[in-house]
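Trainee: Okay, here's what each chain looks like letter by letter:
Number of protein chains: 4
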Amino acid sequence: MTISVAVSGASGYAGGEVLRLLSNHPNVTIGAITAHSNAGQRLGELAPHLHSLSERILVETTVEQLRGHDVVFLALPHGASAEIAAKLPDDTLVIDAGADHRLESAEAWEKFYGSPHAGSWPYGLPELPGARAKLVGAKRIAVPGCYPTSVQLALVPGFAANLLEPDDVVVVAASGTSGAGKSAKVNLIGSEVMGSMNPYGVGGSHRHTPEMEQGLSNAAGVPVTISFTPTLAPMPRGILTTATAKVKPGVDEATLRAAWTAAYKDEPFVHMLPEGQWPATSSVMGSNHAQVQLAFDAHANRVIVSTVIDNLTKGTAGGAVQSMNIALGLSETAGLAFEGVAP
Amino acid sequence: MTISVAVSGASGYAGGEVLRLLSNHPNVTIGAITAHSNAGQRLGELAPHLHSLSERILVETTVEQLRGHDVVFLALPHGASAEIAAKLPDDTLVIDAGADHRLESAEAWEKFYGSPHAGSWPYGLPELPGARAKLVGAKRIAVPGCYPTSVQLALVPGFAANLLEPDDVVVVAASGTSGAGKSAKVNLIGSEVMGSMNPYGVGGSHRHTPEMEQGLSNAAGVPVTISFTPTLAPMPRGILTTATAKVKPGVDEATLRAAWTAAYKDEPFVHMLPEGQWPATSSVMGSNHAQVQLAFDAHANRVIVSTVIDNLTKGTAGGAVQSMNIALGLSETAGLAFEGVAP
Amino acid sequence: MTISVAVSGASGYAGGEVLRLLSNHPNVTIGAITAHSNAGQRLGELAPHLHSLSERILVETTVEQLRGHDVVFLALPHGASAEIAAKLPDDTLVIDAGADHRLESAEAWEKFYGSPHAGSWPYGLPELPGARAKLVGAKRIAVPGCYPTSVQLALVPGFAANLLEPDDVVVVAASGTSGAGKSAKVNLIGSEVMGSMNPYGVGGSHRHTPEMEQGLSNAAGVPVTISFTPTLAPMPRGILTTATAKVKPGVDEATLRAAWTAAYKDEPFVHMLPEGQWPATSSVMGSNHAQVQLAFDAHANRVIVSTVIDNLTKGTAGGAVQSMNIALGLSETAGLAFEGVAP
Amino acid sequence: MTISVAVSGASGYAGGEVLRLLSNHPNVTIGAITAHSNAGQRLGELAPHLHSLSERILVETTVEQLRGHDVVFLALPHGASAEIAAKLPDDTLVIDAGADHRLESAEAWEKFYGSPHAGSWPYGLPELPGARAKLVGAKRIAVPGCYPTSVQLALVPGFAANLLEPDDVVVVAASGTSGAGKSAKVNLIGSEVMGSMNPYGVGGSHRHTPEMEQGLSNAAGVPVTISFTPTLAPMPRGILTTATAKVKPGVDEATLRAAWTAAYKDEPFVHMLPEGQWPATSSVMGSNHAQVQLAFDAHANRVIVSTVIDNLTKGTAGGAVQSMNIALGLSETAGLAFEGVAP
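Protein chains in written order, with the numbering used here: chain A, 123 to 465; chain S, 123 to 465; chain B, 123 to 465; chain F, 123 to 465.
Same shape as in the complex, but just chain A (with noise of 0.2 Å):
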């Protein structure tokens, strides 16, 4: 079975990791690859790694141009592709990996972007209960960001399991800075980041906290509040995420432990690591596998999970092709059964 596949946004970072990623992908022929300022340009200038696309030209970002693939990939700024999804036909997939259309609650989006919201899609986090059934035969999927996916891979488990008080979660990550984007800003030139991390959007202004709260939510069956604090380390990729929450009265180590074991012991890119071992951002870079390690802290009476992901792989472009794989009913590992890169 080969799919022909249109790339749009492929001069920033996440299209161009869906092209790195689909370049590699057995079923899949590469189509029509779009950008808007860099339309024209060669894909060697402005992706240089990509040796097999090295050749291609990049056109303009247009319905014509995405039109009859049999998968579109959108990796636009938000609004931009629900305007272009809209126009794309009903029987193609779209696969949306900007914010447009991940929010269930037309609220929380007019809250946090400040425009009509353009409603849900299904969801490409296939680790969450129920959301691979949904992902089958899809035609719209709204891929998840690269934070949400780390939180709620650390604590739906719990939630799903109702073991975990939902309102005092408290959530601190460490982003690599290729989650800022591929954009010439002073304050991300390696100067100013290498050596040193910062916080930012503090105080619960990120836009990525009700897409976190909305997952949490829907695990617990109750609503879950979360404060959540994004830094920004000094590494391309990656993120680490500590999460913490109160454990419910008599849950101790071993029932936490039990939890998140079975709700990922048959997952194949999310890994619950042995009991004492702990994730590290570079056992997952470039790979779409994410690790999982817990403790509980009797003193605090919180448990506290750790997760890693590769911020543009499972955070982004992997999670949209291993998204892909479901909705086409191809093998859910199908071009990206490789490890990660380290050292």
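Among these hints, one or two may not hold up.
Below are the DSSO-like pairs computed for lysine-lysine, each with C-alpha atoms no more than 30 Å apart in a straight line [claimed, not checked]:
(1) S/K233 - A/K370
(2) B/K370 - F/K368
(3) B/K209 - B/K261
(4) B/K233 - B/K307
(5) B/K209 - B/K233
(6) S/K307 - B/K304
Don't read these hints as lab results, they were simulated from the structure.
Guided by the hints, dock chains S, B and F onto chain A, whose structure is given.
Mentor: Relative to the frame of chain A, chains S, B and F by itself:
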């Protein structure tokens, strides 16, 4: 006024940083420089950045070598410093960068270190309420740990002003690799740490936890419980601490900001940043400065406080020299009035 | 066609990289995974990025463990591989990632290694003139060193085309820290290497020098003398080589460009970049690709050639797998047809 | 003695580094701090590491703002400084960190900069033969470029002692990213530069080449030709220069070492390391120190010299302050007698 100073443990990062600061201190002459396994070597081989001391030869760390100086800095493994300090004259100012004399509670010491408690000394974090008075004229000073320095600077103003709930503090901190010391371990080599982040000592097992709770509890007047997770970041120096606590009923952001601003408005080294500006570790790199910023997350009813320090300077050697200055009646900023190195 | 492969020295970086590549090779089943001091451990403890092999237990590196596979990869300290290879069956394909069988000259071997010469094997750099023919059907292959791979790819086209003077070659190369191996040394810890660069093995003492001169001399048909200076760069992987040589009378940039372009136009892994585009190590990170670019400095009458490779992939394990593919008559790109990981 | 100083271009890295050094200079009061697009902003927003100056407001870079100070530092784009300097009083010490007044040859200037030559000023590299005498009492000083500083410190002793051939110098240097300035360019963002190295300005096109040849030719008494290749390294600061030249007949390592040792034995900031110890950029980070080491490669008949400096300190702002000290008859080390920050 000229003070003769001996520095032990000079081949490690803490001892080397003490020497870096003292080499530029207007009132200090550097006497004995001691080490253990590196005794007999040129300092220039071990710390090639210390050009003014490069020809100095390290001598064995013994009471005989350290005796006869006005001030002795101990940068030794815990256990070792208590033993040596006990043999130094009472009128010698002994400044211990190790852990031996930080904890007031013998029980906490024995639980986390498994050895008899050596007693507690005046605590070298002058910015704590009442701390300076205890340092003036002191002959024994315990230098705080690097994480405890950053966490106490983050939260003490709120507890001292009775604005925070004591039973639900969550702290996640990222430290540069020098915090792990100058030791040949595979998990610390550059190939392993560059481009990667990982947690460690998760679940309340980190030895700095009781020290943090001691300082916060003293400020609060009631016992404070903390969930602390340290992470290793790919940078040589710096600690970014994200500290969060539930606020008491009726407390708003203005009240919080006023308390922190008042606490630090006259401090030479601790800076509450203008509203909206967040700290970065690069801003304090190599300096004794600390930067603090906070936000109130009404949604989660939590204050989130970010602090940055250089773990080797304000977090260790700088705090030690600042405390020495106070103890001896020198200008508190003597030898420390320089800026961070950025970019 | 399925090939059984054994990998020795799997706890090191070279062995780990061989496993990373083989785990995704369509024609390979991985048999014995051996180590020395780490025998008995789970691979997942030592190489947590290799999720598909995490439960495999390392066994002792012995002839018994390695015997009975179609292919044996040796990633051992020099000296060790010759001894083991001598005891393996003649019809087993033995691929030595160590130095023992790279040098044709016993004299050069003894001068730089101070031990008896074990003889030379077909050389695993297929891009060299005539190299592929010697690899087809070979049962013993010597994998080139990482620096020699980059230097020969940089200069061989010019020497083979008789465009360069043989007596004044200057090469300066920067290598990521993984080139120094997975060894616990203070000078390799992250605190020492991050944010810093330093030279080492200066003055012709580096053991890779005779290997480089061997390859360049064979291409030139006359002895080539090289001044080689390696430097350590603050990155885990990658080698950037800057190679310069005087050009022969009448040679201009067009002639030079034509020679390099012709040499690599049909190579699947070595890419002469479009004029004006210079290589970056990030473009080949984790991949078997190499990028090459040159400029003619008429003012100094020198050609300056820049090449980038991943020292662990094309520089070691990738070159080894590529050579295995050729030796066994598989597609040369089998298991290697993926792109670099960037950013 | 107290000197009033104005600093222009304070929002860039060079200007910021001048302020960092002057803020700790015992004889200086900082007057006007000027910028162009950032005029009107708090310095604390642009350079948050400069705590002692954080409330200062940047003013527009105009002659009116700069006039009336004893010393004016110009850290402006080339072209701009010549224009402003021409309008400042003759008895004001003007120190230009830009390129406008470095080259003695109008022809070389016009070839590399394509604009009329503004003339040359006393050259702020005191370690060059005869340079100090020209700086004493000078009212106009041209600060050397960062690469030329490192290259001249590497090779001038050999040319001054007539030990090196003038026609075959090869230099490859690696610079931290701050050398590219504080500018928002995609190729400079952290995601692109971390973990990567790349060459640029290859083939003699770098504007620093004529400045290097000027200094080496003056020392040699004959024209020196250089092949220079700069590379970008993943670190914020520091330059590692590898400089090689053919030695004249009969010259051996002892002769070479004696010449370099003699040249720097009385220098406060340039250090010839003990034989066998090689420099690292981390050893001079944030300081005005330079480290030098050499080896004689008899095989290639070349001397290889390694030098390290901090491009922003000895390479720009530190050299500027050192030159100011000499011009004004202050201690040459005033405000510069501090060590590098390592690790």
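Trainee: B/K209 and B/K233: Cα distance at most 30 Å?
Mentor: Between B/K209 and B/K233 the Cα gap is close to 26 Å, so the pair holds against 30 Å.
Trainee: Is the Cα-Cα distance between S/K233 and A/K370 30 Å or less?
Mentor: Roughly 27 Å between the alpha carbons, so the hint for S/K233 and A/K370 holds.
Trainee: Measure nothing beyond the straight line between the CA atoms of B/K370 and F/K368; if it is 30 Å or shorter, mark the hint as holding.
Mentor: Given that 30 Å is the threshold and the Cα spacing comes to 19 Å, the pair holds.
Trainee: Checking one constraint from the list: CA of B/K209 to CA of B/K261, max 30 Å. Satisfied?
Mentor: With Cα atoms ~13 Å apart, B/K209 and B/K261 stay inside 30 Å; holds.
Trainee: Is it true that the CA of S/K307 sits at most 30 Å from the CA of B/K304?
Mentor: 10 Å, holds
Trainee: Hinted pair, alpha-carbon criterion (30 Å max): B/K233, B/K307. Please report holds or violated.
Mentor: Given that 30 Å is the threshold and the Cα spacing comes to 26 Å, the pair holds.
Checked against the numbered hints listed earlier, the structure breaks none of them; every hint is satisfied.
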